[in-house]
Amino acid sequence: MGTMGLALPWRARISPTPRERGTRVEPSEPFSGGSSSAAADAQSEDAALAAGCRSGDLRAYERLYAMHGARMKNVARNVLGNPVDAEDAVQETFLKVQRSVASFRGQSSFVTWTYRILINTCYDARRSRLRKKEVANDDSEETPRPEPRAPGAHPSLRMALERALAKLSQHQRDVFLLYEVEGFRHAEIAGMLEMSETASKNTLFQAKKNLRQMLEPPRSSGAETR
Amino acid sequence: MTMNVTCSDRERIFEDGTAVEWAALEAHAASCQLCAEEVRAWKSLSIAAEELHDYSDSPSLWPRIERALAEEAARKAQRGQMWNWFSRLPRLSIGWQTGLAGAFVLLLAITGGWIYIHRPVGPADNDKSLLKSSALKEVESAETVYERAIDKLAAEAKPQLENPATPLLANYHEKLLVLDSAIADLRVQAGLNPSNAQLRYQLLAVYQEKQRTLEEVLEAKP
Chain A
1301 MGTMGLALPW RARISPTPRE RGTRVEPSEP FSGGSSSAAA DAQSEDAALA AGCRSGDLRA
1361 YERLYAMHGA RMKNVARNVL GNPVDAEDAV QETFLKVQRS VASFRGQSSF VTWTYRILIN
1421 TCYDARRSRL RKKEVANDDS EETPRPEPRA PGAHPSLRMA LERALAKLSQ HQRDVFLLYE
1481 VEGFRHAEIA GMLEMSETAS KNTLFQAKKN LRQMLEPPRS SGAETR
Chain B
32 MTMNVTCSDR ERIFEDGTAV EWAALEAHAA SCQLCAEEVR AWKSLSIAAE ELHDYSDSPS
92 LWPRIERALA EEAARKAQRG QMWNWFSRLP RLSIGWQTGL AGAFVLLLAI TGGWIYIHRP
152 VGPADNDKSL LKSSALKEVE SAETVYERAI DKLAAEAKPQ LENPATPLLA NYHEKLLVLD
212 SAIADLRVQA GLNPSNAQLR YQLLAVYQEK QRTLEEVLEA KP
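Listed in order, the protein sequences are those of chains A and B. To convert a position in the first sequence, counted from 1, into the numbering used here, add 1300. To convert a position in the second sequence, counted from 1, into the numbering used here, add 31.
FYI, nobody ran anything at the bench for these hints, they're computed from the structure. Keep in mind the model is a prediction, meaning the values are calculated, not measured. Careful: at least some of the hints might be erroneous.
To be verified - Which stretches of chain A does chain B cover? Using the computed rule of at least three CB atoms under 8 Å from a CB of chain B, they are: (1) 1349-1363; (2) 1405-1417; (3) 1427-1433; (4) 1487-1493; (5) 1506-1516.
Ideal Cβ placement from N, Cα and C applies to all residues, glycine included.
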């Protein structure tokens, strides 16, 4: 499949020197690129957040929001397709964290647990929106239709990617968004989506293969013969 | 020592390659046009994904969340106060707690037994759909009154109908016979299924039609 008349942009629009993000390879240690002290800092920060939220300290929630609010909203926006629903999902997530933090036992990091709640909240919101559409006999697409965003560097590239993402399966789309857009590690995604790390890697690989097929321009015959 | 990779390793490295394998693939891509294009396209997807990265500020979101959290905390505190009331009860040993629980169960059993023994057993009281039954009785008595009124009307019209002076009256007579037959059928069905409101409505409609017909007969008096 082509790009519906959009000359995508592998060569024309994207800088020929790929950034580090393009070859993100996960190390075996828990926190990418960081020393063990950085990992320990992150762990203690996570534990402090969990303890603060458990004790009902609103400042802990504020800190959680300051650290992850924008990212949470972006995740929700990419899953749900519009900023209003995304903000509702983030608010609902904070309330769910407050209601159930007492049951958090630390099997995963507190932040990963929070994102898992966010993803589930987004799924619930999406399902309820679909049910409402079914009741209203609306035959619009199942996948979210993204609303306009602030203009980026490559608006046509973004639109092409959004259209292609909408055609992926839910799992492939979510893993792609969490890994490539939000920069989570496979271990974290595995925790959020309740899958294995290997499944997360494989799902990302399949998602990228499908996206490539949808977005790539016709390959030159010279390259084909090599 | 550098690692050697070939084109066939490319997809595996894309899926789960280590940093060393990636470096080896890029070295290989320097001399392989197909792999170079594939690697560039693969990386381009990651760069394109950054276009979906929008961490714009939402100044009203945190105040909204904070308010919702505070309200939820206040509700939780209210519920907590209620539970505190129970916690103020004197702490009892396990033996006392077991004894009290046993006494409570015994009290419940006695109360339940008493209610069972003294439960009302009359046929009218056994009716579980009391409201339905009373409504049904009202409908039936209203029907009886209505039927009597129509019978009076029929008695008035009887002489004309038995010896119809005009073809119109003969037609009315035929129509009334059909209506009487329909009424009889519906009454049989209503007797089998007295709570069926639909049958009652049909019966009422036929009665109304009979009433109209009788009125027309009386008006058509020569």
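Cross-check of the supplied hints:
1. Counting residues of the segment 1349-1363 of chain A whose CB lies closer than 8 Å to any CB of chain B gives 4, which reaches the minimum of 3, so the coverage claim holds.
2. Against chain B, the segment 1405-1417 of chain A contributes 0 residues with a C-beta closer than 8 Å to a partner C-beta. That does not satisfy the three-residue criterion, and the hint is violated.
3. Residues of the segment 1427-1433 of chain A with a Cβ under 8 Å from some Cβ of chain B number 0, which does not satisfy the need for three, so the listed coverage is violated.
4. Proximity of the segment 1487-1493 of chain A to chain B, defined as three or more residues with a beta carbon under 8 Å from a beta carbon of that chain, is not established by the 0 residues found.
5. Interface restraint, the segment 1506-1516 of chain A with chain B: holds (5 residues with C-beta to C-beta distance below 8 Å; minimum three).
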